[in-house]
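K.L.:
Given next are the chains, with one letter for each unit.
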Amino acid sequence: MRIKVDPDLCEGHNRCFALAPDLFEVDDYGLSQALNEGVVPPGLEEKARLAIDNCPEFAISVVEED
Amino acid sequence: MTDAPETCPVHDWASDYDIFDPDYVRDPAPVWDELRERCPMAHTERWGGSWMPTRYEDLQQLVKMVPTLSSRSAVVVPPSPELREVLVAEAKKYGSENPPITADPPEHQPFRRLILPFFSPRAVESHIPYTQDLCNSLIDGFIEKGQADAAADYAQQITPRVIAHVLGIDPARADDFVDWVRGILELGQTRPEMRIKYRGIIRDFFQEMVTERRKNPGDDAISTLIEAEVEGEKLDDYKVVGVCFLLLVAGIDTTWSSISASLLHFATHPEDQARLRAEPELLQPAVEEMLRFYSPVTMGRKVMEPVEFGGVEMKPGDKVLLNFPGANRDPAAFEKPDEVQLDRKRNRHMAFGLGIHRCAGSNLARMEMQVALRTWFERIGPFELTDPDAVTWAGGQVRGPRTVPVRFSAA
Numbered sequence: 420m421r422i423k424v425d426p427d428l429c430e431g432h433n434r435c436f437a438l439a440p441d442l443f444e445v446d447d448y449g450l451s452q453a454l455n456e457g458v459v460p461p462g463l464e465e466k467a468r469l470a471i472d473n474c475p476e477f478a479i480s481v482v483e484e485d
Numbered sequence: 005m006t007d008a009p010e011t012c013p014v015h016d017w018a019s020d021y022d023i024f025d026p027d028y029v030r031d032p033a034p035v036w037d038e039l040r041e042r043c044p045m046a047h048t049e050r051w052g053g054s055w056m057p058t059r060y061e062d063l064q065q066l067v068k069m070v071p072t073l074s075s076r077s078a079v080v081v082p083p084s085p086e087l088r089e090v091l092v093a094e095a096k097k098y099g100s101e102n103p104p105i106t107a108d109p110p111e112h113q114p115f116r117r118l119i120l121p122f123f124s125p126r127a128v129e130s131h132i133p134y135t136q137d138l139c140n141s142l143i144d145g146f147i148e149k150g151q152a153d154a155a156a157d158y159a160q161q162i163t164p165r166v167i168a169h170v171l172g173i174d175p176a177r178a179d180d181f182v183d184w185v186r187g188i189l190e191l192g193q194t195r196p197e198m199r200i201k202y203r204g205i206i207r208d209f210f211q212e213m214v215t216e217r218r219k220n221p222g223d224d225a226i227s228t229l230i231e232a233e234v235e236g237e238k239l240d241d242y243k244v245v246g247v248c249f250l251l252l253v254a255g256i257d258t259t260w261s262s263i264s265a266s267l268l269h270f271a272t273h274p275e276d277q278a279r280l281r282a283e284p285e286l287l288q289p290a291v292e293e294m295l296r297f298y299s300p301v302t303m304g305r306k307v308m309e310p311v312e313f314g315g316v317e318m319k320p321g322d323k324v325l326l327n328f329p330g331a332n333r334d335p336a337a338f339e340k341p342d343e344v345q346l347d348r349k350r351n352r353h354m355a356f357g358l359g360i361h362r363c364a365g366s367n368l369a370r371m372e373m374q375v376a377l378r379t380w381f382e383r384i385g386p387f388e389l390t391d392p393d394a395v396t397w398a399g400g401q402v403r404g405p406r407t408v409p410v411r412f413s414a415a
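Quick mapping for you: the protein sequence lines, in order, are chains A and B. Here the first sequence is numbered in the numbering used here, starting from 420 and rising by one per residue. Here the second sequence is numbered in the numbering used here, starting from 5 and rising by one per residue.
Hints are computed from structural coordinates only; laboratory data are not their basis. Every value quoted in this text rests on a predicted model; they were computed, and no experiment measured them. One or more hints might be untrue.
Stated by the list, open to error - Within a straight-line C-alpha distance of at most 27 angstroms, the following computed DSSO-like cross-link-like pairs (lysine-lysine) qualify:
#, chain 1, residue 1, chain 2, residue 2
1, B, Lys68, B, Lys319
2, B, Lys219, A, Lys466
3, A, Lys423, B, Lys219
4, B, Lys96, B, Lys201
5, B, Lys96, B, Lys340
6, B, Lys340, B, Lys319
7, A, Lys466, A, Lys423
8, B, Lys201, B, Lys306
9, B, Lys68, B, Lys306
10, B, Lys96, B, Lys219
11, A, Lys466, B, Lys340
12, A, Lys423, B, Lys68
Said to hold, decoys possible - Beta-carbon label-pair distances, calculated as ranges:
#, chain 1, residue 1, chain 2, residue 2, range
13, A, Asp425, B, Pro109, 47 to 53 angstroms
14, B, Gly145, A, Asp425, 28 to 34 angstroms
15, B, Ile132, A, Asp425, 27 to 33 angstroms
All C-beta atoms in this analysis are idealised placements derived from N, C-alpha and C, irrespective of residue type, glycine included.
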């Protein structure tokens with residue numbers, strides 16, 4: 420599973436970081452980036468979905484692999 | 005503000021809503037449900053006139069309509085013509101803005117970037133020990149009595165002190181800060197003359213602080229703002245005072261409303277109270293659910309150019325209430341929205357707003373709620389209202405309980 424944060428949509432609510440600190444990092448302005456180039460380590464898929472489902476800006480999504 | 009409509013009962017919420025109506029203040033959800041179905045962009049002439057959306061999807065779009073919807077007036081009830089003159093004079097003396105909340109792009113972002121680092125997750129974490137000690141000392145003050153006002157003796161005491169601590173101003177003046185903020189955001193909402201009086205008091209307070217810190221800089225927030233640059237230039241006193249004003253005012257009755265509403269909820273829902281006590285790991289989702297269900301803040305916007313939205317035509321000068329609390333009850337966005345589910349998994353609530361003006365202090369507010377509730381639940385045993393009729397609410401653009409008398413046994 421791979422995820423990404425759209426930097427144009429992220430407004431720094433920090434919900435993803437609070438719910439899944441192993442998957443995201445946030446800067447001093449609260450803007451989020453997916454760690455590990457978005458690759459979700461096995462076992463953390465549920466956390467990733469939680470982060471996606473709780474972002475008020477709909478900024479996080481799953482990257483569709485070909 | 006003596007016009008007749010303000011005191012008349014509401015017959016049609018779609019065309020004549022009143023956000024200060026006492027029944028609406030106590031429980032606005034039935035009105036929102038009706039409007040969402042029947043008239044999703046409601047309108048009123050009361051209190052200077054405004055539009056009120058209720059659908060989640062509409063709020064998502066409205067927050068992005070920048071700068072057609074301007075942030076320059078966040079409070080919707082306008083001053084009378086005489087008071088407008090006072091405001092103009094005040095603007096000449098102080099500058100009229102509290103950036104970034106009252107700013108639009110492009111001015112908005114550099115000011116926002118000035119204040120966001122005060123509220124980053126790391127910065128907020130450093131304020132946990134202070135908040136924790138504060139909550140404990142407040143509880144020490146009433147635990148022996150077996151009863152307390154969870155709003156006035158606890159929630160209301162926490163937020164002014166925490167924001168004073170963050171700003172580096174004297175927490176001992178917390179009672180003054182509460183009076184000032186009520187003067188602006190509670191009583192002052194419908195009484196612009198009061199708003200103006202308290203704005204003056206707060207600005208004079210910070211002006212004195214700024215003058216003092218210019219002479220004796222420290223490592224506090226005010227000194228940081230004094231040293232900060234926006235587009236290569238230092239801020240003048242007006243702007244430093246304006247930003248400090250915002251940080252003080254925005255951080256007090258908002259979070260206090262959320263903590264009070266949460267304690268009122270648990271006092272009146274013993275099953276949820278027992279559940280959070282038994283499953284303390286639910287604290288984080290429970291705080292989000294309290295934020296969704298009892299969202300305190302409705303921001304205002306001013307229409308700058310003619311725009312059609314949701315089947316209505318809005319004209320320049322019209323006001324729009326960004327009804328985040330109403331959107332948070334939309335069944336199109338939340339499963340069983342009128343039910344509190346402490347373990348709600350999908351909770352994209354917009355209690356802190358959305359878009360470029362997302363509440364800059366949201367991390368601080370969440371921390372305060374979590375620490376306040378955790379400490380309360382750790383130290384206070386089962387609690388209930390002493391008198392349901394004694395509960396009072398403040399409403400309008402900041403809504404929350406102001407009196408929540410409870411009795412409890414020892415934990």
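K.L.:
The structure should be examined with respect to each hint, and the outcome stated for every one.
P.N.:
Hint check results:
Restraint check: the Cα-Cα separation between Lys68 (chain B) and Lys319 (chain B) comes to about 18 angstroms, which is no more than 27 angstroms; the hinted pair holds. With a C-alpha separation of about 50 angstroms, the suggested pair Lys219 (chain B) and Lys466 (chain A) falls outside the 27 angstroms cut-off, and the hint is violated. Among the hinted pairs, Lys423 (chain A) with Lys219 (chain B) is inconsistent with the structure: their alpha-carbon atoms are about 47 angstroms apart, more than 27 angstroms. Restraint check for Lys96 (chain B) and Lys201 (chain B): satisfied, since their Cα atoms lie roughly 16 angstroms apart, inside the 27 angstroms limit.
Under the criterion of a C-alpha separation no larger than 27 angstroms, the hint pairing Lys96 (chain B) with Lys340 (chain B) is inconsistent with the structure, at around 50 angstroms. A hinted pair counts as satisfied when its Cα atoms are at most 27 angstroms apart, and Lys340 (chain B) with Lys319 (chain B) does not qualify at roughly 35 angstroms. In summary, the hint linking Lys466 (chain A) to Lys423 (chain A) is supported, as the alpha carbons are separated by about 14 angstroms, within the 27 angstroms threshold. The suggested pairing of Lys201 (chain B) with Lys306 (chain B) holds, with an alpha-carbon distance near 23 angstroms, which does not exceed 27 angstroms.
Simply put, Lys68 (chain B) and Lys306 (chain B) have alpha-carbon atoms about 14 angstroms apart, close enough for the 27 angstroms limit, and the pair holds. Proposed proximity of Lys96 (chain B) and Lys219 (chain B) is supported: the alpha carbons are some 25 angstroms apart, at most 27 angstroms. Under the criterion of a C-alpha separation no larger than 27 angstroms, the hint pairing Lys466 (chain A) with Lys340 (chain B) is consistent with the structure, at around 23 angstroms. Distance hint between Lys423 (chain A) and Lys68 (chain B) is fulfilled; the C-alpha atoms sit about 22 angstroms from each other, no more than 27 angstroms.
Our hint of 47 to 53 angstroms for Asp425 (chain A) and Pro109 (chain B) is violated, since their Cβ atoms are close to 19 angstroms apart. Roughly 47 angstroms separates the CB atoms of Gly145 (chain B) and Asp425 (chain A), a value that falls outside the hinted 28 to 34 angstroms. Distance hint check: the CB atoms of Ile132 (chain B) and Asp425 (chain A) are about 31 angstroms apart, consistent with the given range 27 to 33 angstroms.
In terms of the numbered hints stated before, the structure departs from hints 2, 3, 5, 6, 13, 14, listed from lowest to highest.
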